[in-house]
Amino acid sequence: MRSFSPACALALLSTSVASAAAPDIESRLTAVEAAAQSAQSAGDNAWMLVSAALVLMMTGPGLALFYGGLVRRKNVLSSMMHSFILMAVVTVIWAVLGYSLAFGGSSPFIGDLHFAFLNHVGSAPNPDYAPTIPQQTFMIYQLMFAVITPALISGAYAERMKFSAMLLFTVLWTLLVYFPMAHMVWGKGGFLNAALGGRVPCFDFAGGTVVHITSGVSALVCALYLGKRLGYPNEPSKPHNMVISVIGACMLWVGWFGFNAGSALAASGLATSAFVATHFGAAAAALGWIAAEWIHTGKPSVLGGISGAVAGLVAITPASGFVQPFPALLIGLCAGVACYFMVVKVKRIFGYDDALDAFGVHGAGGTLGAILTGVFATNAVNDAFKDASGRTLPLGLVDGHGAQVLNQIVGCAIAWALAAVGTLVILKICDVVVGVRVSGEQEVEGLDLSMHGEEGYILES
Amino acid sequence: MKSLRDLGVGRQKSEGGARLAEPNEGSLKIMKKIEAVIQPFKLDEVKEALKSIGIDGMTISDVRGHGRQKGHKEIYRGQEYNVDLLPKVKVEMVVSESRCPEVLRTLATAARTGKIGDGKIFVYEVAEAIRIRNDDRGESAL
Chain A
59 MRSFSPACAL ALLSTSVASA AAPDIESRLT AVEAAAQSAQ SAGDNAWMLV SAALVLMMTG
119 PGLALFYGGL VRRKNVLSSM MHSFILMAVV TVIWAVLGYS LAFGGSSPFI GDLHFAFLNH
179 VGSAPNPDYA PTIPQQTFMI YQLMFAVITP ALISGAYAER MKFSAMLLFT VLWTLLVYFP
239 MAHMVWGKGG FLNAALGGRV PCFDFAGGTV VHITSGVSAL VCALYLGKRL GYPNEPSKPH
299 NMVISVIGAC MLWVGWFGFN AGSALAASGL ATSAFVATHF GAAAAALGWI AAEWIHTGKP
359 SVLGGISGAV AGLVAITPAS GFVQPFPALL IGLCAGVACY FMVVKVKRIF GYDDALDAFG
419 VHGAGGTLGA ILTGVFATNA VNDAFKDASG RTLPLGLVDG HGAQVLNQIV GCAIAWALAA
479 VGTLVILKIC DVVVGVRVSG EQEVEGLDLS MHGEEGYILE S
Chain B
29 MKSLRDLGVG RQKSEGGARL AEPNEGSLKI MKKIEAVIQP FKLDEVKEAL KSIGIDGMTI
89 SDVRGHGRQK GHKEIYRGQE YNVDLLPKVK VEMVVSESRC PEVLRTLATA ARTGKIGDGK
149 IFVYEVAEAI RIRNDDRGES AL
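Chains A and B are the protein sequences, given in the same order. Numbering of the first sequence is given in the working numbering, commencing with residue 59 and proceeding in unit increments. Numbering of the second sequence is given in the working numbering, commencing with residue 29 and proceeding in unit increments.
Just chain A, same shape as in the assembly (with noise of 0.2 Å):
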């Protein structure tokens, strides 16, 4: 009786107190506890469902129209695929090992296979994690985010990197690095994770660490490894239709309501605050980089704009359940103004080839808003975190708790670590099983019509 609600349950009881004697109070306070649980069960799965679905969106189409709007005319179909593909290989290998491996176990540093398979996942909520949903509702949801993560390394390697070292390199990424960075943190046991008895207790709420730093450095990596595009930088290689990424960019924005206030893992005050926190953080990035390229280059650019409003949205994902409203606009601002000068000043001057920012963007922002997360995060917005005596505990630095930033960088590290390693090791293996790079001839025709046969804009039919 998923319908029968704690109003009907309590009216029933009254009737009954009224009339019946006490004996079998017991069993309708019961039954009231019962309906109540499965109304918050409703509430809450209704919007985890939700939020796995804007989740997914962001991947296709945000993602896609983003990236895909950024390259030339010859690639839009090769990096609307990169995203496109991986919401069918990384869903795949989630199903048979990798939800296993980032939330089975509770081990420090990776799960283990209890759920390979899916199995013993079911209706049945999983109380380590989300305890009024379905745990198929979580594992549903934690995909999405595994389906995200490697796709936005392709802004690093788009317009260059063969179809083939691509899925190959995407399924060993996850593998290697995604899942293990997704238990350390949020995984029981996890070795940074901060509620489920961590080492190093350090506050990602919705992925700074496991989603942005990891696929950010891996992006920078594998722009140095892959080299330039050809003709780069003094050929042109602007973006082909500015129209698709703005579309993509907004998408990418309202989809993030799902990708950090559903982190809240119910539908709570802590998911209402979070997306709060997200749309602040977006707006004052996007004001922010606007700003910064107005005063730099006298005019603010449409581009400018979505990039500051990803790069703010990146920076408050670790913070978003963990801070006020204004922070949350200081935390967009500085991602803004920083991320802007990683993209148009730092990657100048060290002069590796990322093609559209996944480094300066994502791995930056990412850090950014980790450590940042340290500074802001405040109990007066998530008490979760307790002492033995039920004391509610200070989280960051505006909570006297000044600790606390070490433990982010200290999780900042790890995920640079890791991301870096794992991400060189793997791109060495793709390069010689099947070799990483287009030939420049096909790189030259362009990758849509040398990897798979097809042009983005056929006008004349």
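What the hints contain is simulated information worked out from the structure, not anything from laboratory work. These numbers were taken from a predicted model, which means no experiment stands behind them. Ideal Cβ placement from N, Cα and C applies to all residues, glycine included. Hints may contain errors.
[What the hints assert, rightly or not] Listed below are the simulated PhoX-like cross-link pairs for lysine-lysine, each with C-alpha atoms no more than 20 Å apart in a straight line:
id	chain 1	residue 1	chain 2	residue 2
1	A	LYS296	A	LYS132
2	B	LYS101	A	LYS357
3	A	LYS246	A	LYS444
4	A	LYS403	A	LYS296
5	A	LYS357	A	LYS403
6	A	LYS296	A	LYS286
7	A	LYS296	B	LYS101
8	A	LYS403	B	LYS101
9	A	LYS286	A	LYS132
[To be verified] Label-pair ranges, simulated between beta-carbon atoms:
id	chain 1	residue 1	chain 2	residue 2	range
10	A	GLN500	B	LYS61	38 to 48 Å
11	B	HIS94	A	GLY493	40 to 50 Å
12	A	ILE467	B	LYS101	38 to 48 Å
13	A	LEU507	B	GLU63	28 to 38 Å
14	B	SER168	A	PRO291	56 to 66 Å
15	A	VAL360	B	ASP163	50 to 60 Å
16	B	SER124	A	GLU293	40 to 50 Å
17	B	GLY99	A	PHE175	52 to 62 Å
Fit chain B to the given chain A structure using the hints.
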């Protein structure tokens, strides 16, 4: 090229038009081809002006190019691009020699803003014109 030969155009020249009709008198008159490269936003004005003097055949294409007009600078995430080939519209038509001065005057007036970048007009002599549908020749094919 192949399609022209299939129509007998090449053969006509070498064999004196075995299958197609001889060129009529009219085709000996001189025709002019006018080729104008103009600002895209001026196309409608030019079309209307030409229509008002009775010119209703023309071919339009989107082209890119530059003369003395400088291009512009675009910046994408700090990466600067100098764009010197700008979008223009090319208008082509063939008219009888007698009408040519009037057409040129009309076209230039309609396309003019007075600023650099207004474009250019070129005039060529045309050797022959053929209406594909019924093999009309010369001015009657225009």
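Verification of the supplied hints:
1. A:LYS296 - A:LYS132: Answer holds: LYS296 of chain A to LYS132 of chain A is near 12 Å, not above 20 Å.
2. B:LYS101 - A:LYS357: It holds: about 11 Å lies between the C-alpha atoms, which stays within 20 Å.
3. A:LYS246 - A:LYS444: At roughly 17 Å apart (the allowed maximum being 20 Å), LYS444 of chain A and LYS246 of chain A satisfy the hint.
4. A:LYS403 - A:LYS296: holds (18 Å)
5. A:LYS357 - A:LYS403: Distance ~17 Å between LYS357 of chain A and LYS403 of chain A Cα, so the pair holds.
6. A:LYS296 - A:LYS286: holds (15 Å)
7. A:LYS296 - B:LYS101: Holds: LYS296 of chain A and LYS101 of chain B sit about 12 Å apart, inside 20 Å.
8. A:LYS403 - B:LYS101: The given pair, whose Cα atoms are some 19 Å apart, holds under the 20 Å limit.
9. A:LYS286 - A:LYS132: Given pair LYS286 of chain A, LYS132 of chain A holds - Cα atoms ~17 Å apart, limit 20 Å.
10. A:GLN500 - B:LYS61: 38 to 48 Å: Holds, since GLN500 of chain A and LYS61 of chain B (Cβ atoms, about 42 Å apart) stay within the stated range.
11. B:HIS94 - A:GLY493: 40 to 50 Å: holds (41 Å)
12. A:ILE467 - B:LYS101: 38 to 48 Å: Roughly 41 Å apart at Cβ, these two residues keep to the hinted range, so it holds.
13. A:LEU507 - B:GLU63: 28 to 38 Å: holds (34 Å)
14. B:SER168 - A:PRO291: 56 to 66 Å: The hinted range 56 to 66 Å holds for SER168 of chain B and PRO291 of chain A, with Cβ atoms some 57 Å apart.
15. A:VAL360 - B:ASP163: 50 to 60 Å: holds (55 Å)
16. B:SER124 - A:GLU293: 40 to 50 Å: holds (47 Å)
17. B:GLY99 - A:PHE175: 52 to 62 Å: About 60 Å separates the Cβ atoms of GLY99 of chain B and PHE175 of chain A, which means 52 to 62 Å holds.
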